[in-house]
Structure formats: C-alpha cells, structure tokens
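Asks: So you can see what is in the structure, the chains are spelled out below.
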Amino acid sequence: MTALLKTRRKLITGAAATFVTGVAALSLPARAQGIAPTPTMRGGANNYLPGAPIVERIGGGGFWMTGTVRRAGDGAPLPGQRIQVWAHTTEGHERDPQSHGATLTDENGVFRLEMPQIVPAFGQAHGHLAYDDDAFETVFLRPVMPSPSDTTLSADFVLQPA
Amino acid sequence: MTRPPQRRGRAALIWAGLCAAIVLPLAAATFSPLLAWRDPIYIIAGFAGVIGLALLLVQPLLAGRYLPGFQGPKVLRIHRITGGILVLAIVVHVAALWITSPPDVVDALLFVSPTPFSVWGVIAMWAIFLTALLGAMRRRLRLSPQSWRIGHMALGIVIVGGTVVHAMLIDGTMEVLSKTALCALVIWATVKVAAQQLARIRR
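Quick note, the sequences are listed as chains D and S, same order. Residue numbering for the first sequence follows numbering that gives the first Met the number 0, beginning at 0 and increasing consecutively. Residue numbering for the second sequence follows numbering that gives the first Met the number 0, beginning at 0 and increasing consecutively.
Please keep in mind that the hints were generated in silico from the structure rather than gathered at the bench. Hints may contain errors.
According to the in silico footprint, chain S covers these stretches of chain D (three or more CB under 8 Å from chain S) [claimed, not checked]:
1) 79-85
2) 92-103
So, partial list: chain D residues that the calculated Cβ filter (under 7 Å) puts toward chain S [to be verified]:
3) Gly42
4) Asn45
5) Asn107
6) Arg111
7) Val118
8) Pro119
9) Arg141
If you only want the chain D side, here are some residues facing chain S, beta carbon under 8 Å, derived [what the hints assert, rightly or not]:
10) Pro38
11) Arg41
12) Asn46
13) Leu48
14) Thr89
Quick reminder that beta carbons are idealized off the backbone N, C-alpha and C, glycines included.
Construct all of the structure, not just a fragment, from the sequences and the given hints.
Replies: What follows is the structure, encoded as structure tokens:
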C-alpha cells in the first residue's frame, strides 16, 4: 500500500515536473521576443488630421497629455519621436484644426503636451494620440479618462520598427 | 363628459406626472455644462436623443390606454403619429451626430465602435425603423393582428432595453438623476403594457 502510494506520488510529481518544464519551454521563445508592440485601438484614428504641427502647447492649456514611447522587443526608450494629440476640449471639437498638436519625446522616451481640458464627447471623455512617422509602424490610441474631471491622461506606445 | 371629481383629480395627477417626467429631464439637460463646448448641431443631436427617450414613455402609455381622456380608436392614431415623430427624432439624432463626427457614427453603425453604449443605440434604432416599417406595411404583408401584436411587443422590448442601456452608459448632457428616473418610468410602462398584451394574446 505504502509502496503503491509512493510510486503514485512519484508518478504525479514526475508528470508535474515534465508539465512545468514543458510549459516553460513553450513560453521561453515568447519571452525572448520581449515587449510586444502596442496595437492600434478601435476608433483611434477618428478625426485624425495628418501632420499636426509641433507646438509648445495646444490652445490655452491646463490639461496634460503624457506618456512614453519604447521600442518593441527590448523596450528601449525612443527619444525624438513625434506624437500627435487631439481631443474634444473646452476649446474645440476633435475635427477642428486648433484641437490638434504634436510634441517630441525626450531622451527617456517620455512626452508631455499641455492642452485644453478634455470634455466628454460621444459619450466618453477621451483623447486621441498617433505615432505616424516612417521609422516605426503607425499606431493610433484612444485612451478613456477614468473620470471626466481628471486634468491629465496618459498613453504608452511600444513601436514596431517598420 | 362630466366625471366624478375623484377621477378628474386622478387624471390631472397622471397628466402632471407625465409632463414632469418629460419636461424635467429636458430642462435639466439644458443646464448641462457640456453644452458650452458643443456646436449647435451637436446640441441638436443630443436633444433629439432626449426627446426620443421621452417619447418611449409616451408610446407604451398610449398603447395601454393609461392616459386619461385618450381612449378608443383615436389612441391608435396618436400612437402612430408619436411613432412617426420618434422615427424622425432618431433620424435627426443620428444625422446630427454624423455631421458632428462622421467616423464615430460610421464606427457605431458598423458595430466596430470602441464605445459600448453605441451598439445598444444602433440596435434600438434598427428595431424602431423595423417597427415603423412593419406598422406601415402591416396590411400589405397581411399580418394577422395576433402576429403583429407579438412582433410589435418583442420589438418594443428590444427598443426600450437597447435605448435605456444606451442612455445610461452615456456621459452626456442629461442629468443623471432625471435620466435614471425617466429610464425607470419607460421600463415600468413597457413592462406594464407588455404584461397587458401578453394576457390579451393568451386569451
């Protein structure tokens, strides 16, 4: 009886060990690939106007759009990348040209752009961001604000080399 | 036309209640801070939606003959006219939203919108259009009164369910308390008239 239990225990632990190593082996190649690129969000490109100018701030400001830009795979921060931002704000609709602006990431791949307060439109307070240059694949984001009274919104990009 | 004063008092109460249920949410929406940052066409779109929701309270009340003074065959005629106004309100709502932001409305109509509420609105819209179409073609299609009643009731439940979820999920110009109260009344009236119709169908 004890012998039987022992062998059964051995069998189970053995099987479990095989399973664990097997699964680990399966997941290893995925880990080697590293950080996955950010997919474009549904509706992210709505009311996009290509080539928004790089500006000090959009309109009167008071609200901060922030985020990071990194490279897919190794996750290295990407400096000098142009991120375009637009939203329905207290100063205009999404489609209005004055609601659009762009900024560049700093040496740590971080961007911060001041803009007017985002207000709810089409049922949600949300912003739009785009990376649309040649070095990497185009990505459109559409983050939703947890609360419409927030004065900041952030979105992170992981870009796939084109 | 002389009625006992008790019934007249009850009638006045029902009408006052209905007016309050419709006027209060509309009035509250006119105080929305969001209006300051919207173009007239976007404001029209929002109010067309609020009017559509309010009409969804009137429709079951008419269908169930719950409104004092509105009895007999003329109720059906009024119910059809309000139905037509409801279709018009939806057309204005969607068209004005389209002008405000075409890609967002295209996404919604194609069921690929990132906003969950729009799906419910589009479902309700098609159910309203289908009801109006069936209502207009009901003789030509030779629908029996029984199958029309069942079909209209089923569509009505889809319309009300879809619209209420749509309205409640939106962060828009409607004030939350008056919106919730109106939605609750719409559901109550719909359930009441559906139960009445079911009893009639079973008979």
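Asks: Output the indices of the hints that this structure fails to meet, ascending.
Replies: Checked against the structure, the hints that fail are numbers 1, 5, 6, 10, 13, while the rest are satisfied.
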